[in-house]
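*Asks:* What follows is each chain in one-letter form.
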Amino acid sequence: MKVKVNDAELELKAGTSAIDAIFAAGYDVPYFCSQEYMSPIGACRMCLAKIGAPRKDRDSGEWIIDEQTGEPKIFFFPNLMASCTTAIMEGMVIDTLSKEVKDAQNGMIEFTLVNHPLDCPTCDKGGACELQDRAYEYGAGQSRFVFDKRHQEKHHALSELITLDRERCIHCKRCVRYFEEIPGDEVLDFIERGVHSYIGTLEDGLPSNFTGNITDFCPVGALLDSTSRFRGRNWEYDHTRSSCLDCAVGCAITIDARTGRIERIKAARNTQVNNDWICDGGRFGHEYVDADERLKTPLIRRDGKLTPSTWEEAAAFINDKLADLGAKETGIILRADATLEEGVAAKALAAQLETGQLDHFPRLAASVIPQGVRATLNDVATSDAILVLGDVSEEAPIVDLRIKEALKGVTPPELMPHGVPLADLRLKERMPRQREILTVASPYRCDLMKHAGSTLTYPAGTEVELLASLLQAANGEGEISEEAAMRLGSSPEQLNDLLKRLSGAKNPVIIYGAFVLAASEASNAVQALAKAVGAKLLAIGPMANSYGLEALAVLPSHARYSVQEMLRGSAKALIVSGLDVAKDAEAAKALKELELLVVHDSFANATTELAHVVLPAKTAYEKEGTVVNLEGRYLPLKPAPVENGQSEDFCGLVKFLGETMGTRLEGRSVRSARRLLKKRLQLDLSELSEEGYLSPAKAKAASKFKLKESYELEGNLLLTPSMIRHEQLSRNAHLHAVYGDAALRLNPADAVAQDLNDGDVVAFELQGIERQAVIKRSEAVPVGLMLLPALPEQPAALLWLEPTKLIKAAVAEVLA
Amino acid sequence: MSVLDIAKGMGVTLGHLFKKPVTVRYPDEPVDIKPRFRGRHHLLRHPSGLEKCIGCSLCAAACPAYAIYVEAAENDPNDPTSPGERYAKIYEINMLRCIFCGMCEEACPTGAIVLGHEFELADFRYPDFVYGKEDMLVGTKGSKWQRREAQAKNEDVKLGFKAGPRPELEGVDY
Numbered sequence: 001m002k003v004k005v006n007d008a009e010l011e012l013k014a015g016t017s018a019i020d021a022i023f024a025a026g027y028d029v030p031y032f033c034s035q036e037y038m039s040p041i042g043a044c045r046m047c048l049a050k051i052g053a054p055r056k057d058r059d060s061g062e063w064i065i066d067e068q069t070g071e072p073k074i075f076f077f078p079n080l081m082a083s084c085t086t087a088i089m090e091g092m093v094i095d096t097l098s099k100e101v102k103d104a105q106n107g108m109i110e111f112t113l114v115n116h117p118l119d120c121p122t123c124d125k126g127g128a129c130e131l132q133d134r135a136y137e138y139g140a141g142q143s144r145f146v147f148d149k150r151h152q153e154k155h156h157a158l159s160e161l162i163t164l165d166r167e168r169c170i171h172c173k174r175c176v177r178y179f180e181e182i183p184g185d186e187v188l189d190f191i192e193r194g195v196h197s198y199i200g201t202l203e204d205g206l207p208s209n210f211t212g213n214i215t216d217f218c219p220v221g222a223l224l225d226s227t228s229r230f231r232g233r234n235w236e237y238d239h240t241r242s243s244c245l246d247c248a249v250g251c252a253i254t255i256d257a258r259t260g261r262i263e264r265i266k267a268a269r270n271t272q273v274n275n276d277w278i279c280d281g282g283r284f285g286h287e288y289v290d291a292d293e294r295l296k297t298p299l300i301r302r303d304g305k306l307t308p309s310t311w312e313e314a315a316a317f318i319n320d321k322l323a324d325l326g327a328k329e330t331g332i333i334l335r336a337d338a339t340l341e342e343g344v345a346a347k348a349l350a351a352q353l354e355t356g357q358l359d360h361f362p363r364l365a366a367s368v369i370p371q372g373v374r375a376t377l378n379d380v381a382t383s384d385a386i387l388v389l390g391d392v393s394e395e396a397p398i399v400d401l402r403i404k405e406a407l408k409g410v411t412p413p414e415l416m417p418h419g420v421p422l423a424d425l426r427l428k429e430r431m432p433r434q435r436e437i438l439t440v441a442s443p444y445r446c447d448l449m450k451h452a453g454s455t456l457t458y459p460a461g462t463e464v465e466l467l468a469s470l471l472q473a474a475n476g477e478g479e480i481s482e483e484a485a486m487r488l489g490s491s492p493e494q495l496n497d498l499l500k501r502l503s504g505a506k507n508p509v510i511i512y513g514a515f516v517l518a519a520s521e522a523s524n525a526v527q528a529l530a531k532a533v534g535a536k537l538l539a540i541g542p543m544a545n546s547y548g549l550e551a552l553a554v555l556p557s558h559a560r561y562s563v564q565e566m567l568r569g570s571a572k573a574l575i576v577s578g579l580d581v582a583k584d585a586e587a588a589k590a591l592k593e594l595e596l597l598v599v600h601d602s603f604a605n606a607t608t609e610l611a612h613v614v615l616p617a618k619t620a621y622e623k624e625g626t627v628v629n630l631e632g633r634y635l636p637l638k639p640a641p642v643e644n645g646q647s648e649d650f651c652g653l654v655k656f657l658g659e660t661m662g663t664r665l666e667g668r669s670v671r672s673a674r675r676l677l678k679k680r681l682q683l684d685l686s687e688l689s690e691e692g693y694l695s696p697a698k699a700k701a702a703s704k705f706k707l708k709e710s711y712e713l714e715g716n717l718l719l720t721p722s723m724i725r726h727e728q729l730s731r732n733a734h735l736h737a738v739y740g741d742a743a744l745r746l747n748p749a750d751a752v753a754q755d756l757n758d759g760d761v762v763a764f765e766l767q768g769i770e771r772q773a774v775i776k777r778s779e780a781v782p783v784g785l786m787l788l789p790a791l792p793e794q795p796a797a798l799l800w801l802e803p804t805k806l807i808k809a810a811v812a813e814v815l816a
Numbered sequence: 001m002s003v004l005d006i007a008k009g010m011g012v013t014l015g016h017l018f019k020k021p022v023t024v025r026y027p028d029e030p031v032d033i034k035p036r037f038r039g040r041h042h043l044l045r046h047p048s049g050l051e052k053c054i055g056c057s058l059c060a061a062a063c064p065a066y067a068i069y070v071e072a073a074e075n076d077p078n079d080p081t082s083p084g085e086r087y088a089k090i091y092e093i094n095m096l097r098c099i100f101c102g103m104c105e106e107a108c109p110t111g112a113i114v115l116g117h118e119f120e121l122a123d124f125r126y127p128d129f130v131y132g133k134e135d136m137l138v139g140t141k142g143s144k145w146q147r148r149e150a151q152a153k154n155e156d157v158k159l160g161f162k163a164g165p166r167p168e169l170e171g172v173d174y
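Taken in order, these protein sequences are the chains called A and B.
Going by the numbering used here, the letters in the first sequence line up with residues 1 to 816, in that order.
Going by the numbering used here, the letters in the second sequence line up with residues 1 to 174, in that order.
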């Protein structure tokens with residue numbers, strides 16, 4: 001369609017909004033309510049433009065011609081139009097520069113400012129405020145309003161994480177629309193009418209895992225991040241665009257740091273991964289980085305006490321000890337969110353020490369690289385049949401949002417010259433959702449089930465049986481029996497419907513997480529099922545770089561050298577990075593026997609208590625490097641300027657060790673590791689774009705899946721992945737205030753049977769690890785099952801725990 | 001050069017001998033300072049006793065020498081430091097960096113920071129040139145060194161100048 005904006009003529013697709021035409025032409029209009037990825041509603045009336053179009057004669061069907069010019073006559077709308085809600089028409093003429101338009105914009109700014117307190121100097125939005133900028137660009141520069149402004153609550157804590165200033169709100173409705181349209185949790189709305197209306201919530205707090213995003217796009221300082229309240233002005237922050245390493249998605253984030261502290265994290269845009277959204281765990285879970293107890297100097301144990309030292313001394317100390325050991329006697333354990341470059345360094349160090357005892361952890365039984373057709377997150381968002389196995393909302397929260405995007409049936413918007421369209425007219429408020437395309441199967445009732453057309457709560461540990469019976473039916477090797485379906489908490493009709501939907505869809509996707517990855521048979525079965533129905537696969541690995549480290553083969557040379565074996569005495573010396581392995585009492589016993597224990601971590605813990613050398617580690621926000629997310633996309637990591645003393649990443653550790661050994665190891669620096677990776681991947685990671693690079697899928701033959709009679713996966717306690725990092729929760733004060741201590745969730749009936757009440761603190765031993773949890777009764781958990789958040793040292797699994805071993809902490813103290 | 005010229009010159013000299021001298025016997029005698037002289041900063045208070053500074057950092061943004069560091073915090077509603085929600089928890093000016101241009105004073109939305117008359121800022125160590133809130137709030141007289149000296153001698157701070165009144169310096173007593 002031909003459109004003329006001021007003097008620029010453009011050819012645009014039908015359905016484009018006038019505001020996008022204006023921006024595509026390189027002109028500007030002010031706007032407050034329009035927001036990328038959300039429905040345009042024309043609430044703020046700021047984007048007014050003079051819009052006209054030619055008209056056809058009703059009788060002849062010909063364009064009405066202006067007699068003076070001989071061109072089609074332009075009929076202007078009687079009033080100025082909000083350009084965000086106006087679709088373009090053939091031959092449309094848009095004027096944004098005339099005095100009429102300027103006066104209208106000026107007047108609207110004045111109206112908006114009538115009730116806006118001018119407390120910019122104390123407002124955290126100051127300097128990054130859309131209203132401030134627009135008032136400067138389009139306003140009159142002076143106020144004629146001499147009366148009292150509207151007075152409302154100044155600091156209303158919507159939750160511990162978000163502060164609402166009701167005086168500053170300009171009623172653009174972005175936050176209200178966001179909650180309904182993006183996460184689908186309707187927790188905010190307007191209350192009262194007209195000048196009295198304000199944003200509010202019915203319940204206390206904001207029961208959603210994606211609340212922080214509203215602070216990013218609030219055009220004024222009404223909604224603000226409480227963790228960074230008054231910590232600095234916007235122009236004082238150092239902005240670092242990086243990737244979040246809290247889960248396998250790798251969302252783009254902007255880290256705002258000031259004077260060596262991370263003050264806040266904001267979402268950045270990656271149109272391939274997270275659009276504009278991040279979860280609350282990723283946004284607010286950064287406070288631990290600035291904790292006072294952070295390790296900042298290398299420590300060497302001398303006379304039984306850890307004493308401050310330098311990297312050179314520590315490296316010499318380690319080298320002396322290692323020299324006495326033979327080949328294959330040193331073990332190296334990396335945390336699964338280590339970067340690719342750190343993986344290269346670890347491999348080089350293992351090669352130098354001639355050891356095959358190298359592993360990353362947590363690493364589940366099955367491979368996180370699906371054997372079959374891989375799905376990208378945009379595939380998920382455009383899918384027409386989705387099967388989810390597990391609790392994705394907790395495991396990889398952004399996958400949950402991308403699934404909800406698919407439910408709207410609107411494909412991700414095409415990029416325009418100015419980026420993502422500001423007003424996508426296909427999106428509407430309260431759109432009907434195609435719930436029927438989504439099937440969620442999980443051992444307990446999870447959040448996403450509210451949005452699913454079909455839900456299935458199978459007994460924990462029966463993933464293989466469920467997938468096997470689906471596969472059998474898909475391959476036409478037998479009907480699903482009533483009895484088998486009943487055992488899986490389903491019915492033959494439901495399972496057959498699911499199969500029909502998957503195989504009948506154009507772009508079906510199967511998403512599976514830790515519960516399936518915990519058993520290699522289940523993983524094989526899901527891959528076979530995907531092949532049978534022609535679905536793409538998205539596997540959610542346990543940590544940010546599980547995919548990358550596996551692809552790089554940071555793996556033991558033999559199964560007898562896995563982390564579990566290293567912690568049971570297969571190694572005589574251990575280098576552990578980022579994991580508190582000594583939480584496990586049995587491992588701690590083995591660690592005490594070691595000739596040398598080197599711990600590379602950011603905080604003191606049970607393992608550093610036993611360590612001979614403690615080396616300070618950089619956190620995910622301070623590293624430079626690359627990670628590979630669950631889709632197989634290489635994502636860049638940039639270091640934020642954080643005061644971390646002498647902390648180094650694993651590359652730094654390898655550099656110092658290599659120097660004392662007299663060699664220059666590969667991976668001694670990020671640059672050196674990238675040189676090696678460039679040869680291997682034909683990809684220069686130092687030139688990686690902000691949106692990352694999707695590695696080409698390598699078609700691998702799927703492992704054969706053979707149905708067996710029984711699978712020994714039984715238990716009554718399910719370790720579940722969670723959005724928040726429980727190991728750092730005690731140092732993340734704000735998140736802790738909202739989410740509380742780790743909860744042991746169980747069915748009220750079980751709780752009554754065990755005489756446990758909400759809020760009781762229980763302590764118990766689980767696989768050698770002392771755990772403490774708060775009892776939370778929940779109808780979402782089936783009878784006979786307990787749910788406990790997993791830890792990096794104790795990844796998702798199904799275990800046995802005698803309910804009688806749940807001892808209330810108060811009682812435990814008395815017993816002790 | 002004639003004798004007459006010499007006599008003329010000596011005449012000027014003799015004339016000045018009997019005039020009131022321009023030089024001041026500083027530091028024994030105070031210097032006269034013009035009312036708009038820009039010396040050490042003062043942080044002012046409202047008549048209610050609350051600090052005028054709200055910790056907005058605009059002075060730091062305006063400072064061409066990057067001499068100011070501000071860290072704000074939230075007021076305790078029961079015991080506020082300044083009116084409103086925000087106050088300056090840390091307010092520091094590095095007097096070695098400061099060029100006494102007065103831009104901070106111009107940027108301040110509440111008139112909290114005003115450049116006063118004190119100019120005797122010489123000191124011995126670098127850290128002593130970083131003036132915190134306690135060194136600049138109304139009621140603090142003299143530079144860090146002068147106050148140290150006065151304390152050691154158990155005397156009042158003796159300022160080396162006389163100054164005319166200036167309305168912006170509300171509550172500052174020289």
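Accuracy of the hints is not assured; some may be wrong.
Said to hold, decoys possible - In the DSBU-like style, the derived pairs of lysine-lysine whose C-alpha atoms are separated by at most 35 Å in a straight line are: (1) A:Lys-679 - A:Lys-321; (2) A:Lys-296 - B:Lys-144; (3) B:Lys-34 - A:Lys-149; (4) B:Lys-34 - B:Lys-19; (5) A:Lys-296 - A:Lys-408; (6) A:Lys-805 - A:Lys-592; (7) A:Lys-154 - B:Lys-89; (8) B:Lys-89 - A:Lys-149; (9) A:Lys-296 - B:Lys-133; (10) B:Lys-89 - B:Lys-133; (11) A:Lys-73 - A:Lys-50; (12) B:Lys-34 - B:Lys-141; (13) A:Lys-149 - A:Lys-50; (14) A:Lys-13 - A:Lys-50; (15) A:Lys-679 - A:Lys-536; (16) B:Lys-52 - B:Lys-19; (17) B:Lys-89 - A:Lys-296; (18) A:Lys-506 - A:Lys-13; (19) B:Lys-162 - A:Lys-154; (20) A:Lys-154 - A:Lys-428; (21) A:Lys-808 - A:Lys-776; (22) B:Lys-144 - A:Lys-154; (23) B:Lys-141 - B:Lys-162; (24) A:Lys-506 - A:Lys-99; (25) A:Lys-572 - A:Lys-408; (26) A:Lys-450 - A:Lys-500; (27) A:Lys-638 - A:Lys-4; (28) B:Lys-52 - A:Lys-149; (29) A:Lys-638 - B:Lys-89; (30) A:Lys-4 - A:Lys-154.
Said to hold, decoys possible - Label pairs and their calculated CB-CB ranges: (31) B:Ala-73 - A:Thr-297: 47 to 55 Å; (32) B:Pro-80 - A:Asn-234: 43 to 51 Å; (33) B:Pro-80 - A:Asp-148: 17 to 25 Å; (34) B:Glu-134 - A:Lys-638: 46 to 54 Å; (35) B:Ala-73 - A:Glu-354: 50 to 58 Å; (36) A:Glu-609 - B:Ala-73: 50 to 58 Å; (37) A:Glu-312 - B:Pro-30: 56 to 64 Å; (38) B:Glu-134 - A:Thr-307: 32 to 40 Å.
Keep in mind that the hints were calculated from the coordinates and are not lab data.
We put the CB at the ideal spot given by N, CA and C, even for glycine.
*Asks:* Next, verify each hint and record whether it holds.
*Replies:* Outcome of the hint check:
1. A:Lys-679 - A:Lys-321: Answer holds: Lys-679 (chain A) to Lys-321 (chain A) is near 34 Å, not above 35 Å.
2. A:Lys-296 - B:Lys-144: The hint holds at about 34 Å.
3. B:Lys-34 - A:Lys-149: 42 Å, violated
4. B:Lys-34 - B:Lys-19: Distance ~22 Å between Lys-34 (chain B) and Lys-19 (chain B) Cα, so the pair holds.
5. A:Lys-296 - A:Lys-408: 49 Å, violated
6. A:Lys-805 - A:Lys-592: 27 Å, holds
7. A:Lys-154 - B:Lys-89: Roughly 21 Å separates the two Cα atoms, so the pair holds.
8. B:Lys-89 - A:Lys-149: Distance ~29 Å between Lys-89 (chain B) and Lys-149 (chain A) Cα, so the pair holds.
9. A:Lys-296 - B:Lys-133: 30 Å, holds
10. B:Lys-89 - B:Lys-133: Holds - the C-alpha atoms of Lys-133 (chain B) and Lys-89 (chain B) are around 9 Å apart, at most 35 Å.
11. A:Lys-73 - A:Lys-50: Measuring from Cα to Cα gives roughly 15 Å; hence the hint holds.
12. B:Lys-34 - B:Lys-141: 19 Å, holds
13. A:Lys-149 - A:Lys-50: 31 Å, holds
14. A:Lys-13 - A:Lys-50: With a Cα-Cα distance of about 21 Å, the restraint between Lys-13 (chain A) and Lys-50 (chain A) holds, given a limit of 35 Å.
15. A:Lys-679 - A:Lys-536: Answer holds: Lys-679 (chain A) to Lys-536 (chain A) is near 30 Å, not above 35 Å.
16. B:Lys-52 - B:Lys-19: 47 Å, violated
17. B:Lys-89 - A:Lys-296: 26 Å, holds
18. A:Lys-506 - A:Lys-13: Distance ~25 Å between Lys-506 (chain A) and Lys-13 (chain A) Cα, so the pair holds.
19. B:Lys-162 - A:Lys-154: At roughly 46 Å apart (the allowed maximum being 35 Å), Lys-154 (chain A) and Lys-162 (chain B) break the hint.
20. A:Lys-154 - A:Lys-428: Holds, at roughly 32 Å.
21. A:Lys-808 - A:Lys-776: 13 Å, holds
22. B:Lys-144 - A:Lys-154: 39 Å, violated
23. B:Lys-141 - B:Lys-162: Given that 35 Å is the threshold and the Cα spacing comes to 14 Å, the pair holds.
24. A:Lys-506 - A:Lys-99: 52 Å, violated
25. A:Lys-572 - A:Lys-408: This hinted pair is violated, its Cα atoms lying about 56 Å apart.
26. A:Lys-450 - A:Lys-500: 22 Å, holds
27. A:Lys-638 - A:Lys-4: 42 Å, violated
28. B:Lys-52 - A:Lys-149: Between Lys-52 (chain B) and Lys-149 (chain A) the Cα gap is close to 23 Å, so the pair holds against 35 Å.
29. A:Lys-638 - B:Lys-89: Roughly 31 Å separates the two Cα atoms, so the pair holds.
30. A:Lys-4 - A:Lys-154: Judged against 35 Å, a Cα distance of about 45 Å means the pair is violated.
31. B:Ala-73 - A:Thr-297: 47 to 55 Å: 29 Å, violated
32. B:Pro-80 - A:Asn-234: 43 to 51 Å: With Cβ atoms ~25 Å apart, the hint is violated.
33. B:Pro-80 - A:Asp-148: 17 to 25 Å: The hint (17 to 25 Å, Cβ to Cβ) holds, given that Pro-80 (chain B) and Asp-148 (chain A) are roughly 23 Å apart.
34. B:Glu-134 - A:Lys-638: 46 to 54 Å: Violated, since Glu-134 (chain B) and Lys-638 (chain A) (Cβ atoms, about 39 Å apart) do not stay within the stated range.
35. B:Ala-73 - A:Glu-354: 50 to 58 Å: Between Ala-73 (chain B) and Glu-354 (chain A), where Cβ atoms are some 55 Å apart, the hint holds.
36. A:Glu-609 - B:Ala-73: 50 to 58 Å: Since the Cβ atoms of Glu-609 (chain A) and Ala-73 (chain B) sit about 36 Å apart, the hinted range of 50 to 58 Å is violated.
37. A:Glu-312 - B:Pro-30: 56 to 64 Å: Since the Cβ atoms of Glu-312 (chain A) and Pro-30 (chain B) sit about 59 Å apart, the hinted range of 56 to 64 Å holds.
38. B:Glu-134 - A:Thr-307: 32 to 40 Å: 37 Å, holds
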